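Protein chains: 6
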Amino acid sequence: MTPVQRPSPITASVDFEADGVQHGFLRLPYSRDDSAWGSVMIPIAVIKRGNGPTALLTGGNHGDEYEGPVALFDLARTLRADQVQGRVIIVPAMNYPAFRAGTRTSPIDRGNLNRSFPGRPDGTVTEKIADYFQRTLLPLADLVLDFHSGGRTLDFLPYAAAHELPDKAQEKRCFDAVAAFSAPYSMKMIEIDAVGMYDTAAEDLGKVFVTTELSGGGTSTAKTVGIAKRGTMNLLKHAGIVAGAPETGPTRWLDMPSGDCFGFAEDDGLVEPCIDLGDRVRAGDVIARIHPLGRTGQTPTEHRAALDGVLAARHFPGLVKTGDCLAVVATVEDTI
Amino acid sequence: MTPVQRPSPITASVDFEADGVQHGFLRLPYSRDDSAWGSVMIPIAVIKRGNGPTALLTGGNHGDEYEGPVALFDLARTLRADQVQGRVIIVPAMNYPAFRAGTRTSPIDRGNLNRSFPGRPDGTVTEKIADYFQRTLLPLADLVLDFHSGGRTLDFLPYAAAHELPDKAQEKRCFDAVAAFSAPYSMKMIEIDAVGMYDTAAEDLGKVFVTTELSGGGTSTAKTVGIAKRGTMNLLKHAGIVAGAPETGPTRWLDMPSGDCFGFAEDDGLVEPCIDLGDRVRAGDVIARIHPLGRTGQTPTEHRAALDGVLAARHFPGLVKTGDCLAVVATVEDTI
Amino acid sequence: MTPVQRPSPITASVDFEADGVQHGFLRLPYSRDDSAWGSVMIPIAVIKRGNGPTALLTGGNHGDEYEGPVALFDLARTLRADQVQGRVIIVPAMNYPAFRAGTRTSPIDRGNLNRSFPGRPDGTVTEKIADYFQRTLLPLADLVLDFHSGGRTLDFLPYAAAHELPDKAQEKRCFDAVAAFSAPYSMKMIEIDAVGMYDTAAEDLGKVFVTTELSGGGTSTAKTVGIAKRGTMNLLKHAGIVAGAPETGPTRWLDMPSGDCFGFAEDDGLVEPCIDLGDRVRAGDVIARIHPLGRTGQTPTEHRAALDGVLAARHFPGLVKTGDCLAVVATVEDTI
Amino acid sequence: MTPVQRPSPITASVDFEADGVQHGFLRLPYSRDDSAWGSVMIPIAVIKRGNGPTALLTGGNHGDEYEGPVALFDLARTLRADQVQGRVIIVPAMNYPAFRAGTRTSPIDRGNLNRSFPGRPDGTVTEKIADYFQRTLLPLADLVLDFHSGGRTLDFLPYAAAHELPDKAQEKRCFDAVAAFSAPYSMKMIEIDAVGMYDTAAEDLGKVFVTTELSGGGTSTAKTVGIAKRGTMNLLKHAGIVAGAPETGPTRWLDMPSGDCFGFAEDDGLVEPCIDLGDRVRAGDVIARIHPLGRTGQTPTEHRAALDGVLAARHFPGLVKTGDCLAVVATVEDTI
Amino acid sequence: MTPVQRPSPITASVDFEADGVQHGFLRLPYSRDDSAWGSVMIPIAVIKRGNGPTALLTGGNHGDEYEGPVALFDLARTLRADQVQGRVIIVPAMNYPAFRAGTRTSPIDRGNLNRSFPGRPDGTVTEKIADYFQRTLLPLADLVLDFHSGGRTLDFLPYAAAHELPDKAQEKRCFDAVAAFSAPYSMKMIEIDAVGMYDTAAEDLGKVFVTTELSGGGTSTAKTVGIAKRGTMNLLKHAGIVAGAPETGPTRWLDMPSGDCFGFAEDDGLVEPCIDLGDRVRAGDVIARIHPLGRTGQTPTEHRAALDGVLAARHFPGLVKTGDCLAVVATVEDTI
Amino acid sequence: MTPVQRPSPITASVDFEADGVQHGFLRLPYSRDDSAWGSVMIPIAVIKRGNGPTALLTGGNHGDEYEGPVALFDLARTLRADQVQGRVIIVPAMNYPAFRAGTRTSPIDRGNLNRSFPGRPDGTVTEKIADYFQRTLLPLADLVLDFHSGGRTLDFLPYAAAHELPDKAQEKRCFDAVAAFSAPYSMKMIEIDAVGMYDTAAEDLGKVFVTTELSGGGTSTAKTVGIAKRGTMNLLKHAGIVAGAPETGPTRWLDMPSGDCFGFAEDDGLVEPCIDLGDRVRAGDVIARIHPLGRTGQTPTEHRAALDGVLAARHFPGLVKTGDCLAVVATVEDTI
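Sequences listed follow chains X, L, B, V, E and Y, in order.
Residue numbers for the first sequence follow this note's numbering, so the first one is 369 and each next one is one higher.
Residue numbers for the second sequence follow this note's numbering, so the first one is 369 and each next one is one higher.
Residue numbers for the third sequence follow this note's numbering, so the first one is 369 and each next one is one higher.
Residue numbers for the fourth sequence follow this note's numbering, so the first one is 369 and each next one is one higher.
Residue numbers for the fifth sequence follow this note's numbering, so the first one is 369 and each next one is one higher.
Residue numbers for the sixth sequence follow this note's numbering, so the first one is 369 and each next one is one higher.
Hints may contain errors.
Identical copies go unnamed one by one, so any copy, or any two together, can satisfy a pair.
Pairs of lysine-lysine residues, derived as DSS-like cross-links and limited to a Cα-Cα distance of at most 27 Å, are as follows [unchecked claim]:
id, residue 1, residue 2
1, K556, K536
2, K536, K689
3, K689, K597
4, K591, K689
5, K605, K689
6, K536, K605
7, K540, K605
8, K556, K597
9, K597, K540
Hints were generated in silico from the structure; no laboratory data involved.
Only a predicted model underlies this, so the values are computations on that prediction, with no experimental measurement involved.
Use the sequences and the hints to build the structure in full.
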């Protein structure tokens, strides 16, 4: 039995069917101690002209990842309707409360939006946002681009990525889009635990879905913002929404073939990184040491690579806690 | 009238006059709700052999700067007494409560240790630490090396630095030490507001004082840790405490000739960096844009360079608040 | 399939079937860090004599609204059993943890009690309270009076209100009760989103339900407390529980015919109110300005009325956030 | 011995000697965990033309009082230089961190600015602000107007006020200015405990000083904002800075002849106000009752007037704590 | 319909089927603001040799109860595989986040683990832990021993306990195990509200389940740790996993025949204990007084025993809040 | 030069010179965000009849120590003026904000009252309280009794104590009073660091000063309350204020001859107590073990006695942090 779901409490101040450039809000009523009849107001822009495919572009799925919001606030401001054939829907900061707080999760309910799909219209604020994307925005889209970076606690090699999918035709469309994005690195992902992800929600609806990891640490640089901006325009050109050919360059394909790629700390302490992102490692190489914090003269524990590859991601803060992901080693492929 | 000061409440479990390697604590009694008779225990190591100069090596003056603690925990563990002629005193994490919390200032009293000198024996925990360095440790030292980086909110080009000093002979000794440290960049600093700094406390006591800024963001890398480790050994060799010649390499000298070097944000918003650390700028170039957060379609404000030079430091987090230092432009000198 | 529900964990120390005046508690076990075997103790009074209808009188559904609690603590203390024919059940502070904290929602679980119905016996503390009213107290009642005001963040013209209902006979009984209450203003409400409300729970059980908004701001005045006290006695007289005729006076009927009545802020800032509660407005009149906070010399945004009417409610605090309800304009009817 | 004081760390981006309208900042460096090189940026406006007296107009001395900020942000935006003969310095939000937080005291250091004078250049953020007013802004001024209201926890009859002063000529100038302000009520104050007040700082420097209390509760209304705006222009006209005669109306003079005017709660509880602001009371009348919160059926304590007069101020929130000022009774004078 | 449940996200680094001594972790992925790819790492030890029954030994179900963790960390360190016939699984701190915080409930989600069974694989962190015990660890066990004490807010006479069960054969096995544990007191419990308890989860699976209360207050003593250590070894011997006979001593059997055993505070205040744990009381005796906190000279309320017995448990902190369990009186049996 | 000090802002509602029983407040104005004109109200009682010595009895110097407050609230309630010759001043909770919060230090300013003497009339709330005792209450007293226990984090053998003093006549009067108090243990203290203590303030004014430690853990028992009550009456009788002879019993005199008595933890971890309070130890005996928290199978550190004696105090909570006082060993004397 499929229960009839309540309508979303979110209302959009933009008309998704109107041509032209619109800047507006998704208004989500949120009653709370400091505003009895308050709302969360999520900025949204729609740029549309005539018929054509729809691209749904999102950043701020996690609130402390910045390449996406920078590229998308900029795009929303500068993309003209006459540049477009079809529709571009831009939500630069999906989990807007998290984005305003500069945190991965929502300060309202500690919700990790990317683990909250399909969401609930009568759930937490984060679940209500997920539900609106699930039931209203994703169905409008043909192509979905969701920007991620490492946030305040992880740092990545800059890559665009797609998932291996059961529908190989859909998978090919996704990897073609990744290639069009043309980041310095590209990743083929096998999601072990896809429950609750926006990625899965989009893919299950048959969409072409591209995601990224573009460095991290809770900052951005001119270089990584440039990757995001160029990649976005490349995708819009690839989809035929914006005219012209993608400006592609070389990319290196990475793979994470097993759980051995991921290394977790088994001690609290001070991290001494022994190699940096992009460096080659061989199985058994020391990637990092963890020094005990309580006194001098103690022997640090050593964290070693479990397989050959490159250091693709790392724990960012100077201190580490037991259980934190300390390092990710990816293998390098030359062709997809 | 000079009041007779109370003794420091801090007691050291190491004997500064004993030869050999000692690992111990500075114990600072600190009564509080969750420990009526508790203490702050600051790790300290002393490596001593015979007569010779004393180097006082410190990290964690600000608790979220990591190259110093990593290099010094490692040195304290590995430096043997037979490698030393004289004495090396190592405090890897001066503001130890801040270091444990991973924050710039102390979680106990929000004290910024580097603005708390000369401290007070009956003041806050942070002031008691400052007082102990002022009256007990600094007088023991000939050479003082204090590690800094940008911490969680700033990022720097990696440099060692000393101050212009009224005593030109002392100043020369300091800059010679900076040169011996041999970081990729070296800085000549004119401190506008030196009140409360550890630097000033050391310099006023006639010590050779070297400080650093070695990137930032609240992390460290293999590369920046390498600079810190090599620079420390270089200094010990330069001082004759460790045998051998410093391993020096090329360094570029930077200068900050005026207050125009420092740019402050006049708006809250999302930072779009337009150039990166080390990039050349000309006066009038856009260094960064600040996008308003509340809605799409708004014009960002532009932050421009006030003089020619290189981008030497920048605001690190992806969001910025009014009043934050957004960028520092330094001029480049070829010779000191 | 209707699942068999677990019994409520709440136990009452009063006997709802006993004649006389009883003061007691609803005890809700609540295990927590600072009391392993603790409870929430919600004050309740029952005044009963013989047969007759039951009035259930509640305040503190939101914890920062005070006319109800003042009138009901006072009534519970002063109403004698010999004044009553039937039963009066008084819970002056339904969401008792919120009432003690002086906040709209519960400090325990941030629950908004008036959006938590029908509740759950194994849910949060707030949901357990809702469940007890839903399954135990509401079934005992014929007449339900629930006091509201604007709380700390809204301010209202003082009115009693009932909802338009599908059962027109029930609706008439409700509006007759509103008229008997005889507040300075009376309101006919069409609830757009009635999910989770106590109002709906009571109405769906066929009860005569009256609610109020009696100013706000997190305070009360002698004048608004007087309205609450007189209105309560008027209702008890109207229901035949207390002897005598209601002391009625003139009331003005208000209506909120559409969503255009509600105005939301689209900017953060400092509120400059341009008209006050009860003032007449015409569509297009400026109701308030919002001044940017960051610097002087900026143009404020203007918030204008969308229809003719009177200012019936307004944002109370001096600062406003994007998404807050800034103003409510109601139309005025002369007859119901 | 008078110690030579350090200069203020605050720098102004406006030139106090330049003609015209300037909007700028007082920049106060404030290093902290979330901004190593951050600043507090206090908005300031200067409107100047030629020679003439200087008025220093301030709001936000307490951060939750809004008539002053509204009137002064508006004045700073609209006052033209050609309207002025002399100089108007406007700081709409003195304790700017408190103003942004909507709290009486600073969220940085919990400083009550109006108890922090003369301040210290090396003290807390709040003390640094006080020091800047003490040593830089007050010396520039002839006339000082500082807006207050009751804030979130008190409510007042709207009045302008000055203090009885030892210099009777200065006192007369102050009361003449109060009369020119022309609020509905005017107050002659004998400050019992003037330590640390901005009032005292200004008066000790021989300035004409006017303050206000314009209702409270952490809000403002069109009516009270109107009083503030008209009063400000009246003062500028009275001082000859703006041309024209003050628009005065009737005012009632109040007095607080003794400590008996102030009533403090000796119990925690729920406040039942028995009279409202402006109501006449006689000694022995019940002003308010305090109901115990823990259970129904308890006898409330009664708070009675100690002298004849009008209710001039009252505790605002619906709950009261032991030690809170519950009510202030002022006596009424017909002439000054 | 039984839904197919998702697998647990928890992975164990130990092999439950391998002989020998293993020390490892239960790793529970937990993404959060300060660690995007973080985990909770719950220590676990498995000591196994050959065939034989499995004992599952747990402490830290509530995080502020210490006899269990002390005895079990010690046992995990000292028990050799050659001492064992069968298997001993030791989780010294079940609700590990609570244990590290020293709180009853989890600092992550405020979950009370002992009210979270059977848990959910996609629920809160606490629910995920419960689910892992429910579906993975409990099925491995024959005998389950779960240590409790009063925690920071309660204090108990030291006893081991089991529940009356519908399956009298199982009940007998449980009480035989309680007798083997041989604490100074033993308790026969009738659980009124068993929903969500680990006890119930284990009993419903047919396991022999023993629990304890071994004093409290958030501490432990040499004496109570001794009871826990000896009791644990006694149980392992009783089960035949460790060779030898239990070292038993005298125990007094207690009973809590009705809800009258539990006394709850109806006032906030300062507790004056009038009798101590283990003291005999008669119905009507004063157990404790509660002094009002606000002023001197007030009459304290008296809390009296409702039945004859001994004081078996009491509120621990010096202050009490309305609704806290103040005292538990148990009756004493001489034989089971 | 002695500066003229400002008067205390505290006012007493009792008349210290009036005969009879008075219950009142010390009112300390305290302006804050949630009460602009608020006060701290410290309960005080004065029982006086005719001439005679004055006893000043205090509890709650630390807010989480309960024997004193219980005994003194009870005494204030029950002591009749006709029982007294002279004057008894009772302040059951000196640091009243800390007492209400149940914490050692003040929740307002984190002030440790017993390290805040002589205080300041313009300092923090805690310093203002100290100043009032220093300048107003202590001068009124002949005999001062200040109750302490271990609070939430320490536990003591129950003893009364006095200090060795330079004035041997005063010292004898103090130890005679300790003997009259007649606790199970008595202590002769040599205060190493007496700065800021109430003890020192009283002793420097020549008063007879007695203090206690009566167990701890943040609770009290019937037994320890009994010691406090009897000891207080004994002292009043000893001073001749209450008629009759002290009810004395045997006491054991303890001594802490050196800093070796105090043992501090050098590791974080789980405490395994190996002996209990009052147990005999010999130098080298293991008093406690500290188990690492992160995993099973680790070797605990052992804490050993440095001298022969009895365990006189211990760390109370189950977890310990580096720097916490873990144990105090006292030597036992048979005669004073």
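We went through each hint and held it up to the structure:
With identical chains, the CA atoms of K556 and K536 are at most 27 Å apart within one copy only, with a shortest distance of 13 Å there and 58 Å across copies. Taking the shortest Cα distances, K536 and K689 never come within 27 Å of each other, neither inside one copy (40 Å) nor across copies (47 Å). Proximity of K689 to K597 under the C-alpha cut-off of 27 Å is restricted to the inter-copy arrangement: shortest distance 24 Å between copies versus 35 Å within a copy. Taking the shortest Cα distances, K591 and K689 sit within 27 Å of each other only across copies (23 Å), while inside one copy they are farther apart (30 Å).
When the C-alpha separation of K605 and K689 is checked against a cutoff of 27 Å, the pair qualifies neither within a copy, at 44 Å, nor between copies, at 36 Å. Taking CA atoms no more than 27 Å apart as the test, K536 paired with K605 passes inside one copy only; the shortest distance there is 23 Å, against 60 Å between copies. Taking the shortest alpha-carbon separations for K540 and K605, only the intra-copy value of 17 Å comes in at or below 27 Å, while the best inter-copy value is 60 Å. Taking the shortest Cα distances, K556 and K597 sit within 27 Å of each other inside one copy (21 Å), while across copies they are farther apart (38 Å).
With identical chains, the CA atoms of K597 and K540 are at most 27 Å apart within one copy only, with a shortest distance of 23 Å there and 48 Å across copies.
Against the hints set out earlier in the document, violations occur for numbers 2, 5.
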